[in-house]
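Please construct the entire structure, taking both the sequences and the accompanying hints into account.
2 protein chains.
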Amino acid sequence: MKYPEILSISPAPAEFVYAADDTILYALGLGAGGKPDELPFVYEKNLRALPTFAVLMGGGASDFITQGGIDSTRMVHGEQRLTIHKPLPATGRMLTTSRLLGVVDKGKEKGALVIVESAASDAVSGALHATTVITLFCRGDGGFGGPSDGDLPLHAIPDMPHDLDVTIQTLPQQAAIYRLSGDKNPLHIDPEMATSVGFPGPILHGLCTYGIACRAIMQAYCDNDPARIARLDMRFSAPVYPGEAITTRVWRDGSELSFECLIATRGATVIRNGLCVLKD
Amino acid sequence: MKYPEILSISPAPAEFVYAADDTILYALGLGAGGKPDELPFVYEKNLRALPTFAVLMGGGASDFITQGGIDSTRMVHGEQRLTIHKPLPATGRMLTTSRLLGVVDKGKEKGALVIVESAASDAVSGALHATTVITLFCRGDGGFGGPSDGDLPLHAIPDMPHDLDVTIQTLPQQAAIYRLSGDKNPLHIDPEMATSVGFPGPILHGLCTYGIACRAIMQAYCDNDPARIARLDMRFSAPVYPGEAITTRVWRDGSELSFECLIATRGATVIRNGLCVLKD
Numbered sequence: 000m001k002y003p004e005i006l007s008i009s010p011a012p013a014e015f016v017y018a019a020d021d022t023i024l025y026a027l028g029l030g031a032g033g034k035p036d037e038l039p040f041v042y043e044k045n046l047r048a049l050p051t052f053a054v055l056m057g058g059g060a061s062d063f064i065t066q067g068g069i070d071s072t073r074m075v076h077g078e079q080r081l082t083i084h085k086p087l088p089a090t091g092r093m094l095t096t097s098r099l100l101g102v103v104d105k106g107k108e109k110g111a112l113v114i115v116e117s118a119a120s121d122a123v124s125g126a127l128h129a130t131t132v133i134t135l136f137c138r139g140d141g142g143f144g145g146p147s148d149g150d151l152p153l154h155a156i157p158d159m160p161h162d163l164d165v166t167i168q169t170l171p172q173q174a175a176i177y178r179l180s181g182d183k184n185p186l187h188i189d190p191e192m193a194t195s196v197g198f199p200g201p202i203l204h205g206l207c208t209y210g211i212a213c214r215a216i217m218q219a220y221c222d223n224d225p226a227r228i229a230r231l232d233m234r235f236s237a238p239v240y241p242g243e244a245i246t247t248r249v250w251r252d253g254s255e256l257s258f259e260c261l262i263a264t265r266g267a268t269v270i271r272n273g274l275c276v277l278k279d
Numbered sequence: 000m001k002y003p004e005i006l007s008i009s010p011a012p013a014e015f016v017y018a019a020d021d022t023i024l025y026a027l028g029l030g031a032g033g034k035p036d037e038l039p040f041v042y043e044k045n046l047r048a049l050p051t052f053a054v055l056m057g058g059g060a061s062d063f064i065t066q067g068g069i070d071s072t073r074m075v076h077g078e079q080r081l082t083i084h085k086p087l088p089a090t091g092r093m094l095t096t097s098r099l100l101g102v103v104d105k106g107k108e109k110g111a112l113v114i115v116e117s118a119a120s121d122a123v124s125g126a127l128h129a130t131t132v133i134t135l136f137c138r139g140d141g142g143f144g145g146p147s148d149g150d151l152p153l154h155a156i157p158d159m160p161h162d163l164d165v166t167i168q169t170l171p172q173q174a175a176i177y178r179l180s181g182d183k184n185p186l187h188i189d190p191e192m193a194t195s196v197g198f199p200g201p202i203l204h205g206l207c208t209y210g211i212a213c214r215a216i217m218q219a220y221c222d223n224d225p226a227r228i229a230r231l232d233m234r235f236s237a238p239v240y241p242g243e244a245i246t247t248r249v250w251r252d253g254s255e256l257s258f259e260c261l262i263a264t265r266g267a268t269v270i271r272n273g274l275c276v277l278k279d
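If you read the sequences in order, they're chains A and B.
The first sequence begins at 0 in the working numbering and counts up by one.
The second sequence begins at 0 in the working numbering and counts up by one.
Calculated directly from the structure, the hints in this document are not laboratory data.
Wrong hints could be hidden among the right ones.
Said to hold, decoys possible - Here are the simulated lysine-lysine pairs, DSBU-like style, with alpha carbons at most 30 Å apart:
#  : chain 1 : residue 1 : chain 2 : residue 2
1  : B       : Lys-34    : A       : Lys-34
2  : A       : Lys-34    : A       : Lys-44
3  : A       : Lys-44    : A       : Lys-105
4  : A       : Lys-1     : A       : Lys-278
5  : A       : Lys-1     : A       : Lys-107
6  : A       : Lys-34    : B       : Lys-183
7  : B       : Lys-183   : B       : Lys-34
8  : A       : Lys-105   : A       : Lys-278
9  : A       : Lys-183   : B       : Lys-44
10 : A       : Lys-85    : A       : Lys-1
11 : B       : Lys-105   : A       : Lys-183
12 : B       : Lys-44    : A       : Lys-44
13 : A       : Lys-183   : B       : Lys-109
14 : A       : Lys-109   : A       : Lys-278
As structure tokens, then:
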């Protein structure tokens, strides 16, 4: 990492234009559209954008990776946060402004955190729709001499039995569909590439699992109304393989839902520290 | 139907430009990509176009429908034929020239046939890749005073037990994925629209079933090599509903395969008179 130079990188606003087919393709990438109650996410008539579609509008993290000299081959997506200020339109043109919230030096052995915030606003009206925060865990960049703290606080899951769980089956071709929305990293489709970096096979995009967790919550608590999602934060803790069934466990406390995601068949927890805040 | 005016309609060549994502999206629309042996159809590295992708390059039939005064609300896709002269490139720019092969008057009660041939050639090299023939069954256009014969001959299925069958499960959201390749007819996704024209629910695109039959044959006889498919002709005989499993029955006679498709759970034959010719 180029430190302290990374602190002064200031990406130009990124434009994200999307038509109905883009909104639909994203929803299909999350496995939506197989049931009538999810029809509004995959049909241009009365189309509604899924809240997590906002994470594709980030754009700005790549400037920090490239210009900041991050070793992207050893970088993983650590945490994702999303605040929806105003539901996303079904089609639109967004301008996204990104800034560095901080870098954290966890030491040579562990790595570094790079935390980037992006704010997506309607390019015409200027209305702020979504703020996303991505935490990149850069395993090859520890020991750069920066601050050793500055991690964002993680939501604590209640120490009690969960209230409800929802299982969503992914498709063997789930990553192949999801990647058409833009993240073409071969790790998610190329068996040789995946084994070369130590996985038994291609892994599902973390943000696909993230979107599936949101679908699970929307089904269970929101009558599939995307306008009910105000916030969705969590940490990625293990890979998911396409074709696995993802179980989302939820603890409810009023409008605040704590959640975790697991793959029951192999006892792996793949999302931890989940927090979803609902709007009334 | 405007007869004999329809006979002199001469559509301008249609351009069909496709990138890797288009080729991949088409394959995903047929349900491909869930198994390693179909990876070349959904991954841009060593990407191969499925032979039936050529049916999207037709383009020209729409001119005969609109300018020919066909009642498109009562029109159904009757038959599809495809001859591959040279395998489709993974990405490309095609020019398609279409001409009317004939119209047949089946009488006021039954309707009319409109038969259109389209030839797709590489826009740069001029090489002819595919010829498609579509037969539209226009139920609202019979009795226009045209010739009562001129049907293309239908392939006869051997009167003996079939050699092999392959069952491919479709997804509940199969039509939602397939329609992103261009055919946005609401009949394939809108429950209200589908029931208003007498179906219990949205039906799968006929050409999606057609492509799935080709996948079945390629799996069973071609090691999934698209270059082995030289010809694929058949007649649509009943609708398929997304989520059903399509069984393709094959009778082999050297390089000539006869086939039918059926939905075993309800005993419906959905494709008849199928003929697939293999290249060595």
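A quick look at each hint next to the structure:
1. B:Lys-34 - A:Lys-34: holds, 24 Å
2. A:Lys-34 - A:Lys-44: It holds: about 16 Å lies between the C-alpha atoms, which stays within 30 Å.
3. A:Lys-44 - A:Lys-105: Not OK: Lys-44 of chain A and Lys-105 of chain A at ~49 Å, beyond 30 Å, violated.
4. A:Lys-1 - A:Lys-278: violated, 41 Å
5. A:Lys-1 - A:Lys-107: At roughly 15 Å apart (the allowed maximum being 30 Å), Lys-107 of chain A and Lys-1 of chain A satisfy the hint.
6. A:Lys-34 - B:Lys-183: holds, 19 Å
7. B:Lys-183 - B:Lys-34: Roughly 27 Å separates the two Cα atoms, so the pair holds.
8. A:Lys-105 - A:Lys-278: violated, 36 Å
9. A:Lys-183 - B:Lys-44: holds, 11 Å
10. A:Lys-85 - A:Lys-1: Roughly 36 Å between the alpha carbons, so the hint for Lys-85 of chain A and Lys-1 of chain A is violated.
11. B:Lys-105 - A:Lys-183: With a Cα-Cα distance of about 52 Å, the restraint between Lys-105 of chain B and Lys-183 of chain A is violated, given a limit of 30 Å.
12. B:Lys-44 - A:Lys-44: This hinted pair is violated, its Cα atoms lying about 35 Å apart.
13. A:Lys-183 - B:Lys-109: violated, 50 Å
14. A:Lys-109 - A:Lys-278: violated, 38 Å
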